Each structure stands twice: as C-alpha cells, then as structure tokens.
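Peer 1: Residue numbers (our numbering), protein chains in the order written: chain P, 225 to 500; chain V, -14 to 424.
Don't read these hints as lab results, they were simulated from the structure.
The model shown is predicted, which means the values in this text are computed figures rather than measured ones.
Ideal placement from N, C-alpha and C gives every residue a C-beta, glycine not left out.
None of the hints are false.
Each computed SDA-like pair below joins lysine to any residue, with the alpha-carbon atoms no more than 25 Å apart:
no., chain 1, residue 1, chain 2, residue 2
1, V, Lys1, V, Phe404
2, P, Lys349, V, Lys125
3, V, Lys262, P, Gln362
4, V, Lys146, P, Phe339
5, P, Lys488, V, Glu184
6, V, Lys33, P, Val276
7, V, Lys146, V, Phe198
8, V, Lys146, P, Arg340
9, V, Lys36, V, Asn(-6)
10, V, Lys406, V, Ala370
11, P, Lys492, P, Phe278
Here are a few chain P residues that face chain V, going by a calculated C-beta distance under 8 Å:
no., residue
12, Glu252
13, Ser311
14, Glu345
15, Asn433
16, Glu482
Take a look, some chain V residues computed to stay more than 12 Å from chain P by CB distance:
no., residue
17, Phe2
18, Asn112
19, Arg382
20, Phe404
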Amino acid sequence: MSLFEKFRKILKRKTDSTIDDIEEFLIENNFGIEFTERFLEELKENRTKDPVGFLRRKIEDILDSVDTSLNLDGHPVVFLFVGTNGSGKTTSIAKVAYFFKNQGKKVLLIAGDTFRAAAIEQLTKLADKLNVPIVKQQSGSDPASVVFDGLESALKKKVDVVLIDSAGRVETKKNLMNELSKLQRVIEKKIGRSANEVLLVLDAYTGQNAVEQVEVFTQAVNVTGIVLTKLDGSSSGGIIVPIIEKYKIPVKFIGVGEGIGDLKLFDKEFYINQLM
Amino acid sequence: MLIFNSLKNNLQKAFKFFRSKGRLSEQDIKEGLREIRVALLEADVNYKIVKEVVKRVEEQARSQKVIESLTPAEQIITILYNELVAILGDAVPLNIVPNETNLIMLVGLQGNGKTTTAAKLAYFLKNQGKKALLIPFDFKRPAAKEQLVALAEKNSLEVFKDTLTEPVPTLKKALSYMQKNGIQIAIIDTAGRKEIDEEMMHELSDVYAKFKFSDVLFVSDSTMGQGALKVAKGFSEIVDLTGGIFTKFDSSAKGGAILSFRYVTGKPIKFVGTGEKITDLEVFYPDRVISRIVGRGDLASLAEKASKAISEEESLSLLKKVQDDTFDLNDFKRELEGIKKMGGFASILSSLPAIPGLNLSALNDEEMLKKTEAIINGMTKEERAHPEIIDGSRKRRIARGSGVTKHDINVLLKNFKTFKKMMRGMKNIKSIDQILKLR
Ligand SMILES: Nc1nc2c(ncn2[C@@H]2O[C@H](COP(=O)(O)OP(=O)(O)OP(=O)(O)O)[C@@H](O)[C@H]2O)c(=O)[nH]1
Ligand SMILES: Nc1nc2c(ncn2[C@@H]2O[C@H](COP(=O)(O)OP(=O)(O)OP(=O)(O)O)[C@@H](O)[C@H]2O)c(=O)[nH]1
Ligand SMILES: [Mg+2]
Ligand SMILES: [Mg+2]
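The shape of chain P in the complex, shown without the other chains (with noise of 0.2 Å):
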C-alpha cells in the first residue's frame, strides 16, 4: 500500500493512528528513529490536517537545501569512487562513463582497486564493451601509484573525464580510510586541485549504518556527493533523507538497475514519487 493510499484509510480515523502510520512508513524506509521522532513532534505541532503533504514538503526541504549539479569545472575532470564493498562503486564508473560519453566527452578510467580479486577484470570489461581506454597495474599493486599514473596518462592523452575506481572498504577499517585519503592527496598533486567530485557510493538497502559510513568517509576524503544505487530494488534509500540533512551532502547520481544505461542524475521527484 503506497502512502497515499494508506492516507486516505487513516482520514476516516483518528490521529492516533496517523501517527502511527507516519511512524510506521519513517522507520521502514530507514529514516531512522532520531529523525522520525523529531519529526512526529513536528507533526503534533503543526496541527496540519494534510500529514502527508507535511512529510513531503518537509523531505523537500531537505532535498533542496542541497546543491546536486555536477562540478564540471576545470580540465580534465576527475571523479573519485569511494564506499564500502558491494554498494556499486565499478558500476557506476561505467555507468558514469557510459553518461559522459554520449555528450561526446573522452573518458578514462583508472583500476584503483588492487585488492579485490577480478576487481581489475570487471573494470576492464566494461572499459572494452564501452570503448574507453583504462589504466591499470597489476592486481596486488600500490592503488596511489595506479592513480599517479593514470592521471599522467589522462593529462597526456588530454581526456575530458577521468573516473578512478577504489576498493570497497568497510568503515571500521582505519588503515584502508588512511588509504583512501592518500589517494585524495596524490590526484591533489597531480592536477593542482581537489577532484571534481568524490562520491561516496552507497546501496538503498542500507540501514542506519550508512550514517556510520558517511561520518568515517567523510572524515577521510573529501565527500562531494552520494550515488544512491539499486533505487530500482524494493528498498527506498529514505536513510539519505537524514543524512543530508545532518552532512548536506547531495545525491547526485542514482542506480537504477545494472545496466550501463541505468543512471539517473539525481531527479528529486523521482526520488519522492518511489518513496511516498
């Protein structure tokens, strides 16, 4: 039952059960239980007669409260992929690619991650079905010297779009965070400024731990943006409801599906609409 539907049932009760409904529909699409308290205090409050419509102009709010284009400026662009194991860090580079590709840009991809096993063999399997060229070493290899090497490459060949790849690494991990913020310092050097974007990867099932994963990451590399990824499985990712309003960090890709065409730039009605 959507919550529009379920709306119509609770006029004809009490507010009681709104409220419960309310609940019920906050904590199940991982909104968390700090956020959905605050916000039913909210509720009580304002008296409204349209709680619904309350939710939605509060999620709103929030959405708008951050900037969610891409920053594009600068040449060559370049995009970090960071997140824990399996949220869709590989996919989305060739997604992403795939995306910059179609508006004619030169992309290029780096095989930053040296650990996982085939991590490589994925990469460059999607580089040859989308005819870009990658940078890699070998599996085991130092990852910042992968990324020295190709950024040197992506500045000779003079690519438009560099995407770099990492390992997946859970955030309880302090070595592999130390990791990851080498990697920022390294592309700092190597093209006199910060990466355009680095993007926390996250997976829509997550629960509440994505909270812990946005707090340690940040922490160790510069956070520009989430990709909101496997949106099209039965999870709503309402957990970055939360987390944009505490970080105000945007959303600025979401996964659709494990196509390479399956990427949207993140689309606030279209987040709202598989939400409510």
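Position chain V with the ligands against the provided structure of chain P, taking the given hints into account.
Peer 2: For chain V with the ligands alone, kept in the frame of chain P given last:
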C-alpha cells in the same frame, strides 16, 4: 566485533534506567520499554518485530513475578534475552551427508558477498578435510567467473571452469565432473538478483526445481536496513532456504537484518563473514551474540578463549572451589594472571557480562596486577582463605608491608567479592561444561 555495539550500548542505557529504579512503577516500565524500543529500532530491527518483541516483554514485565521481584531489572533483561534468543534460534550446521552429492547454493541480492563467501566456505570445508568444488554460476555480472576462479586459485581450491552460457546445462555438466572425480560437495555461486525481478527469480526457481540441493543459503549484508525483511521473504517464497550467511560482521552494522531474516524465514543463520580474507568466516552462535548484546557477555566464546590459556583440570578444580565456596584470594590472584594470559582485560571486556560493581578498568593495567600480587603476598595464609577477617588494623599492616594504600586493599577486596559473586552466578548458566572452562 563492532557489529551490534551500538545496540548493546543503547540497551545498556535502558537497563541502567531499570536498575536505577529498584521497584518498578507503571511509569517506569513504560519509560524503560520505550528505551528498549528505540534501541531496537535504531539497530535496524524491523518495525514489526520490534512491535511484537516490545509487546511481549511488556506483558511479561507486568506480571506479578517481575513487579514483586527484588531485582526487576534483571528479570526484564532476562525476558528480553529470551525473546531475542527465541527469534534467533540455535546454531545449525550445514546439511552435508557423507557419501552423497551435496549441492550448496548461495543466493541473494547484488553485491552482498556471495562470491567471496563461496570461496570462504570451500576453504572452511577444506580445513575440515572436506573437498568442495566451486561452481561459477553467475552468467551475468562482468568478470564474475574470473573473480571466483581467482579466489580459488589463490587459495588452492577446486573450481569448475568448464561452464556453459546457461545455468541448467552448466550444472549438469558440473555434476558429471563431480561424479568422475569423486567430489561430493559443490558450492554454487549464483548471480545477484532482486527478489522483485521476476525473470531472475524464475531462473532461480527453475534451477531449484531441476536439482536436489543440500543447502540453499541466503547471503546478506548485515548493514541491510528495514528492507531486509521483504527481501528475505521474497527469496524464501521462491526457494526453500535452509539458512542464511551474514557478511560484513567487521563493519559497525547495527545487525537488525539478522533478526529480520530469522524472524521471517524461520531459518537459522549458519555463518557470518567477518572480513574480506578467505579465513574470515565464522560459525554463528545466536545465544552468544544475544548474550553480548544484552550485556551478559559472550560467555561461551570467552570460555573457548580461556580454554586455550588454561587446562581443563585447573578449571574443574576452580569450579569445585566456587561451588564449595572455598574460592579464595589465592585463586583470585591466579584468575587475574589467567585473564592476563588471555590477552588482558581490555580484549575481553566486551565479552564479559556487565556486572554492576566490578571495576574492571581498575584491574585493567599491569600496575594493578602488580599491586594485587603485592597485597596478596603481604597477607597471611588465613587472611587469603578468609578475607572477611581482614579488618582495619590488618589492612594497615598489609598496606605497610606491600607498599600500597588502604584504598588499594579495599578495591581489591571489593573486586574479589564481586568476582566471586559472578563466578557463582555462572554456575546457573545452561552450558555448564563450557562455563567450566571459564575458570
Ligand atoms: N539492481 C542493481 N544492481 C546494481 C546497481 N549498481 C550496482 N549493482 C550490482 O551490485 C553488484 C556490485 O556492484 P559493483 O559495482 O561490483 O560494486 P563495488 O562497489 O564496485 O564492489 P567492490 O568493488 O567489491 O567493493 C553487482 O552485481 C552490480 O551489478 C543498481 O543500481 N541496481
Ligand atoms: N568487509 C567485508 N567485506 C566483505 C565480506 N564479504 C564480502 N565482502 C566484500 O563485499 C564485496 C562484494 O562481494 P562479492 O562476493 O563480490 O558479492 P556478490 O554477492 O558475489 O556480488 P554479485 O555477484 O555482484 O551479486 C567484495 O568487495 C567483497 O570483498 C565481509 O564479511 N566483510
Ligand atoms: Mg568494485
Ligand atoms: Mg558474485
């Protein structure tokens, strides 16, 4: 293990509230339960499960027995513990039948750890002297097969490379390969799929219908949120799952997804993934995890650790002393040394039950251990056996002789008393032979 840490901490807040109350009023119960509810929701436990668990704890908490009890807080903690253990059930091993063909299939959403877990599982079996064949069965994701083959080769595991482009013919071919080579166990690494993807779920049910599987395991990321319930339900409706494997126990995941899985499928969690390395797979023991969450300490796994540091004999004699109430300061000193051998208090603090009054941090350093030693050495034989006779003047004497303060002696005696109480408490815990080893 960091997973569940925040749930544990949040529940401790609720328990602390209950404990601060002594007798519980209606309002106290309400408030404490609210804290428990928040803790569970914050930990990604599904809304519906939380509702049910809280309702059941509430019903029991309002019973005469709890209200009139002298330790209502402990009773409520026990009720919650039992409810959670009831959801998670018992530890259940793989269904491997010797001298038969055992097909173990791993299924789940995209990117949740199936391929990595397949290799870990083969490695786990290999360490038990069981040979398992890894079968790449993901015909979709770029380099899925290469990933499994790379993991197999790196760790000297058997892998079936002769795959075709379709699932059913591939599995037939792999089966005849197994027959020819006398391999009885296969681990099948399927493609990630959404439970709402009809085509992919159909592919799965088709394969499921055509072969006999000894285990179909749902592999899931433990950072999953509320949606875990729907996903697990979706998969369990298509295939008869025999259990689950939860990955990323090395993250700070809240862990609620694990409860959701068991709650909705009724199937056990058989293993957990604790990292990216091939060895990072552990058998899952629900009661140990729940003990840790509710602050009763992971006694059994602590016992396992302890048994490595201490002989069986020693622990038996210790238990007897506890039972006969002859456990004295000499024994206490040895306990502390043993704990030091196990990696010091810091490393086992998280495994120990929360015991009000036991000042573990005070015991946590080398210096304290030295002091303890000095104090006990400064006592007479009689004092060690019957610490209750140590009065002010004896304390003064010991302090002078050992170069410590009277306060140090008081701390030691208090800790001894609490420790003894704790040891006595352990007698009542169900797996007594494991606790034996806790010395
Ligand atoms: N349904 C769906 N699947 C996705 C989406 N994005 C990625 N995936 C799938 O998720 C799985 C993991 O994706 P990867 O791109 O390999 O993830 P990763 O973050 O690079 O993983 P590691 O490098 O191992 O940390 C693959 O099966 C992808 O096809 C999405 O938007 N929707
Ligand atoms: N930290 C951690 N990472 C894990 C664990 N298990 C798997 N991973 C990582 O999670 C990522 C995804 O694992 P895969 O085994 O490729 O997942 P999958 O389910 O086979 O993915 P698809 O085939 O794309 O559906 C990889 O980076 C693994 O190294 C674990 O227990 N802890
Ligand atoms: Mg990757
Ligand atoms: Mg896989």
